[in-house]
Structures are given as structure tokens and as C-alpha cells.
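Undergrad: Each chain, written out:
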Amino acid sequence: MSDSLMPANARPSTGVVTAPRRGRRSLAHSKWPVLILFLPPALLVFTVLVILPMGEAAWYSFFNWNGYGSPTQWIGLRNYQLIFRNSAFTQALINNGLIVLVSVCVQIPLALWLATMISSRIKGALLFRLIFFLPYVLADVAAGMIWRFVYDGDFGLVGGIAHFLGAEAPFWLADRDVAMYAILGVVVWKYFGFHMMLFIAGLQAIDKSVLEAADIDGATGFQKFRLVTLPLLGSTVRLSVFFGVVGSLQLFDMIMPLTGGGPSNSTQTMVTFLYNFGVTRMQIGFGSAVGVVLFVICVTLAFSYKRVFMRND
Amino acid sequence: MTDISAAQPIDAAKAPTSGQPVRRSTQVYIYVSLILVAAIVIVPLVSTALGGFKTLGDLRANPFGLPVEWQWSNYTDIIFSKRYWLQMTNSLIIALLTVFLTIWFGAMAAYCFAHIRFFGSSYLLNYFLIGLMFPAATAILPLYIRIRDLGLIDTYWGVVLPQVAFGMGMSIMLFRNYFRNLPSELFDAAFVDGCGYLRFFWHVTLPLSRPIIATVGIISFVSSWNNYIVPLIMLNSESRYPWPLGIMIYRGEFSTEWQLVLAFITLTILPTIIAFFLAQKHIIAGLTAGAVKS
Chain A
9 MSDSLMPANA
19 RPSTGVVTAP
29 RRGRRSLAHS
39 KWPVLILFLP
49 PALLVFTVLV
59 ILPMGEAAWY
69 SFFNWNGYGS
79 PTQWIGLRNY
89 QLIFRNSAFT
99 QALINNGLIV
109 LVSVCVQIPL
119 ALWLATMISS
129 RIKGALLFRL
139 IFFLPYVLAD
149 VAAGMIWRFV
159 YDGDFGLVGG
169 IAHFLGAEAP
179 FWLADRDVAM
189 YAILGVVVWK
199 YFGFHMMLFI
209 AGLQAIDKSV
219 LEAADIDGAT
229 GFQKFRLVTL
239 PLLGSTVRLS
249 VFFGVVGSLQ
259 LFDMIMPLTG
269 GGPSNSTQTM
279 VTFLYNFGVT
289 RMQIGFGSAV
299 GVVLFVICVT
309 LAFSYKRVFM
319 RND
Chain B
15 MTDISAAQPI
25 DAAKAPTSGQ
35 PVRRSTQVYI
45 YVSLILVAAI
55 VIVPLVSTAL
65 GGFKTLGDLR
75 ANPFGLPVEW
85 QWSNYTDIIF
95 SKRYWLQMTN
105 SLIIALLTVF
115 LTIWFGAMAA
125 YCFAHIRFFG
135 SSYLLNYFLI
145 GLMFPAATAI
155 LPLYIRIRDL
165 GLIDTYWGVV
175 LPQVAFGMGM
185 SIMLFRNYFR
195 NLPSELFDAA
205 FVDGCGYLRF
215 FWHVTLPLSR
225 PIIATVGIIS
235 FVSSWNNYIV
245 PLIMLNSESR
255 YPWPLGIMIY
265 RGEFSTEWQL
275 VLAFITLTIL
285 PTIIAFFLAQ
295 KHIIAGLTAG
305 AVKS
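First to last, the sequence lines map onto chains A and B. Per the numbering used here: the first sequence = residues 9 to 321. Per the numbering used here: the second sequence = residues 15 to 308.
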């Protein structure tokens, strides 16, 4: 935060210190009416609809329950056993790992590459920026739908290209060996613009004089990038990876219109698995257990990533 | 965390600068690369819009090019259909309610965290920030049970309230950071003049907070407008479906007629695209600020 501009650290004491200056502490100056009026709405809605459900997920995960009546059939850790023995879940874990890998190893370098090009002095940079950010603004569902059309072998663009080349039209989304890679392409298409924006902001914040100094020292373009720009972008890269990882774990909306997790579970993610095996079959216990596993993975990753990589940021 | 955007908001209208003017050969390389990537972004979108004007046979024969005969009726049938407007209205109502409550509840709670010292305040703040760490999907089944027990299944509130709850962490964090950076002299002066916490909130804090209200508003509007999983779980009647659910239903109904589906997709994303180009500066700054300031 830009605490340097304003003495933010001096503030928290103000309320307590200034109030008695006027003699008696009037009701208007007391902090209690505000706390009593202002905190409960947020606290209530957050507790009832975020924290309690998460706790309940942990509790329900020990039951075999279809959602009617109250959970009575205690089965201990059986749901968790079932999850980890389920080959579709293993596939979902692998796929989530793949998505993380692609967003870190393909998407972020791509975003950085585009950001450096757009940040150099060229005409039309603003337009390119807008175009690249556009897919990020679109809903995942819409993006998935559009790419279902693109990948369609009969009516879509891929079919058209194959037709033009005289090849047989492929049906990537129906091919269990290829479908996941097709989805990864959509993920990159949808999200690279967001990461690019982060990098553009990071590049804007770099002190130009450092780069000029490197110029004077005779550094080539690539040397400048590797030795000056990249290290100075460190915190942006770490941030970008963080969002890549967190977002990857939640991927659901885009998969549903593309494949729904199929063919034969080859494109399940953890959330589509939760939906297909927990929600649609009304297996509250099993679905809750999947939610708990996802929760543990999300929180562990977020905490440890912030601890290890973002300590100094 | 480094706060890039607080010092320098990501401003799409600001000409980017760095280093010296670029050499001619480099420039060619840059343009070729950028145009190539831009094509990959745009071609699917344009073909979708154009595909909506074709007949099915035309789409099959040439998915890329212009329609042989422009089938305006594909679009007009949807525009004059009740379902399209119903879905848009549903999405809008849900999004506006979500935005309103996310701002209102979040700003009030953030005000307490920014200005008032009370027992356990930092723990309570961290309690809210836990919400940033996991998606709504993790708790979606118990959430369904809870909304059902509250009698809110198949109502707008059954979608709005979970969205507000899961947006609380973001809202409180952004508002608190902003409130803390308002000049403290204001607060001291107001206090000496006998202005209490409540009046200060209404008459000083909120009027000064327009930029952050806009940011939180944009983030919560876009995420509500685009949300799929929460309405999918909470709503049963098609008459209450927001457009992401509507598009899936439509595609299920007309799965053999891609040209209609394409027209429908185009019309549903049109508001987003128009809004994006009209308010790109605010939308880009808002969506990235939310990320960077966490």
C-alpha cells in the first residue's frame, strides 16, 4: 500500500484518543453504535453462507446422504476412500495439474512476451491491449460455447480448416486423448489477457532510468530484458503465477459447455467431478467430501505459496 | 504485497512508454506477432457473430467467410423472443442486487476495520479474508441445503446472497485499504467538530470513495453477470434463469442448429462487449485492481 504517502499507521489510535477531547464521550463518538450497526450484516451473511457451509461440508462428508431428512448414515472416512479410488478423480487431479502447468509455463511467458511488445513505443498498442483483454471479460460459459463451435468438425472452424486442407475433419472434443489439450487452448485464450495486463502494469512501474543506464552500458535488448526487466518484475510474476494456480483449481464453467467432463471422464476437473458425481446424483456426503479435498488443496496452496514465494512482496 | 495499481492504476488510455523508439525490423516483428495473436483472439468471435447470419448448410460449407445470404431472421427471431429478454433481465436483477449488497455490507464492515479499534478486530478481518482462498464450489452442496432450508431455492435471493457472501472478502479488503489511505486529518477535524462515526461515514467517507465503490461494483457485477455454478445449483425454473444458464438450455434445445446457437451466443455476449468498449478504462482498471490489491 502507498502508506508512504499518508501516515496510515497513525490512524488506528485516532478514534480512541480524539473522542474524549470534547469532555464526555457522547453516543455519536462512541464506537459501539457503529460496530453494532455496521458489522453484523457482513458477518452474518459471510458466516451463514461461507464459513458454516464449509464446516458443514466437513461434517456431511462422513455420511452417506441424499439430502433428504437429516444425515444419519455415518460411514466415517468411506467417502474419502471412494474419492481417491475413483479413477475419474485421479484424472481430475491430473487435469488440474495440467492446467496449472500450462498457465505457468505457457500462458505467463506468452503474457509477458506480449506485454513487453505492447509496452514498447508502437502505434496501436492501446487497441491490441483491448483486444487481448476482451476474452477475459467474456463469461467462461460463453467462451466455452464459442470454442465448442470452433472445434466442431462439421460446422466449426477446425472442420473448415481440415476441409480446406483436404483432410478428414477431426472431432477433438470427442476424442479422449485430445479433448483436454483442446480445453487447455481455450484456457490460454481466455486468460492470457489478464496476465498481460498485470505485466503491463508491472512494466509501467519500472523506473525508466534503470533501462536507460543499461542502454548506456551497451546492453542488448535481450540482456536488458533478462537482467533488468525480469528481475524487477519478480513480484508481478509471482502474483501472476498465484492467480494462475488459484484460477486453474476452480475451472468449471468453461468445461461444461465444451465437454461436461467427458468423453469418458477425460476432461474432468475437481469441480466438474464434484458437480457430476456429487450434485447431479444428489450424493451430498460424497460431493461434500470432494469439496473438502478441494478446500484443503486450495488453502494449502494459497498459504504455502504466499509463505514461500510472496513473503517479501 | 506490492501494490502496483495503487501507485499506478492500469490505464488503458495512457500511452505506454518504455525505452527508446523501436528499430524498424523489430517493429515489423512486433506487429506481425501482435496481429497474429489478435487474429487468434478475434477470429472465433467474428466467426461466431457471422455464423449467426448463415444457414446451416452455409455454415457447414464455409464456417469462416461472409454469409452467402444474410439470414437476419436468425437474429431477429431471438431479439423478438421473450426468453432472450427474460434472461437478460434476470441476469441484470441478480447482478444489481449482488452489487448493491456487496458494496453496502462490505463498505460498512470495512469502515469498522479501517477506523475503529476493537477487541479481536484483526482476527475478525482475517476471518473475512479466508473467503478469498476458496471458490464457492467447495461448499456448494451444504450451501444448497442451507438455501433450501431458508426457503430460497428458485428465487433471486438464493443466488444473490451466496454471491454476496463469497464477494465479502474482496469487498472488505478493497474498501478497508482505501479507507485507511484517506487523509487522517479529515477524521480528526470531523471529530473535533463533533461529527461521530456514523455521520463521518455518510458525509465524508462515502463521498470520497467513489473510485473504490466503482471498482468493487465492477468486480461484483462482472462476476455475478458471468456466474454459472451458483444459479445452476440454486434455480430450477427456466423463467428465472440468468443468461449463462439460458445459453446452455438453448444449446440443448437447438443442438442440431448451430447457426441459431451462434446467433444466441452473439446476442448474449453483446452487452458485455459493448459495455467493455464503452467503459474499457474503468473495467480494465477495476478487474485488475481487484487482483493486484489483494
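Hints are not guaranteed to be accurate.
Stated by the list, open to error - Straight-line alpha carbon distances no greater than 30 Å define the calculated DSBU-like cross-link-like pairs of lysine-lysine that follow:
#1 K96/B - K131/A
#2 K96/B - K216/A
#3 K131/A - K39/A
#4 K232/A - K216/A
#5 K232/A - K131/A
#6 K232/A - K314/A
Keep in mind the hints are simulated off the structure, nothing from the lab.
Undergrad: May I ask which of the numbered hints given earlier this structure violates, with the numbers listed in increasing order?
TA: 1, 2, 3
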